[in-house]
Amino acid sequence: AQSVTQLGSHVSVSEGALVLLRCNYSSSVPPYLFWYVQYPNQGLQLLLKYTTGATLVKGINGFEAEFKKSETSFHLTKPSAHMSDAAEYFCAVSDKGNTPLVFGKGTRLSVIA
Amino acid sequence: ETGVTQSPTHLIKTRGQQVTLRCSSQSGHNTVSWYQQALGQGPQFIFQYYREEENGRGNFPPRFSGLQFPNYSSELNVNALELDDSALYLCASSLDTLREQFFGPGTRLTVL
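Going down the list, the sequences are from chains D and V. Going letter by letter, the first sequence gives residues 2 to 114 in my numbering. Going letter by letter, the second sequence gives residues 2 to 113 in my numbering.
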């Protein structure tokens with residue numbers, strides 16, 4: 002069975018600082034990996050995804066993530082945090098293309114001015 | 002292009018009642034997936050419908066049932082509501098079962 006572990010339920014960074022949100026997964030087959038963002042009272046928006054090929058994936062809003070098979074990790078980073086990045090972030094894994102998605106519990110990102 | 006829409010936005014029910022949640026998929030999408038997101042948790046897969054047939058189900062009891070219509074809109078029905086059913090219910094549509102899912106804003110269900 003697949004699973005996702007997001008380390009840190011809450012991460013707080015200063016505006017302009019590096020954002021690092023951690024995600025580790027377990028999967029018995031080559032995984033498809035995703036990061037979603039959820040703003041208050043809204044649905045999920047796809048930030049980026051890894052399917053095959055290049056292990057460094059660039060997404061929207063300046064975010065990127067690197068697939069490291071040896072570490073079973075898919076950490077999300079952004080060089081410089083902006084106030085508008087404050088939201089809940091979810092890492093997800095799938096072994097069948099895009100569905101069904103197995104999500105982590107989420108990490109709430111706070112950005113301090 | 003209209004995105005995924007869900008109705009109602011909020012809903013309050015009492016234990017034992019039944020509820021129907023609705024989802025309109027994005028234009029051209031024939032696959033709809035439903036997820037339950039409890040407070041402080043990540044979304045959990047309930048089931049998926051592809052071309053009006055159930056195409057996979059998560060670990061949810063039979064009182065969670067669904068339907069997909071010829072226009073690919075979908076309903077989620079929950080019978081005999083329990084307090085633990087209180088959650089945000091998310092619907093996602095995709096071009097097919099292997100393509101990116103686009104999520105709606107969700108329906109917040111509160112069971113008292």
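Treat the hints as calculated values from the structure; they're not laboratory data. Ideal Cβ placement from N, Cα and C applies to all residues, glycine included. Just so you know, not all the hints are guaranteed correct.
As the list claims (entries may be wrong) - Okay, the calculated beta carbon distance ranges per label pair: (1) D/Arg109 / V/Thr15: 26 to 32 Å; (2) V/Leu84 / D/Gly54: 41 to 47 Å; (3) V/Thr21 / D/Tyr40: 42 to 48 Å.
Each hint, compared with the structure:
Here the CB-CB span from arginine 109 of chain D to threonine 15 of chain V is close to 31 Å, well matched to the stated 26 to 32 Å. Between leucine 84 of chain V and glycine 54 of chain D, the C-beta spacing of about 46 Å keeps the proposed range 41 to 47 Å intact. Restraint check, threonine 21 of chain V to tyrosine 40 of chain D: a C-beta distance of roughly 27 Å breaks the suggested window 42 to 48 Å.
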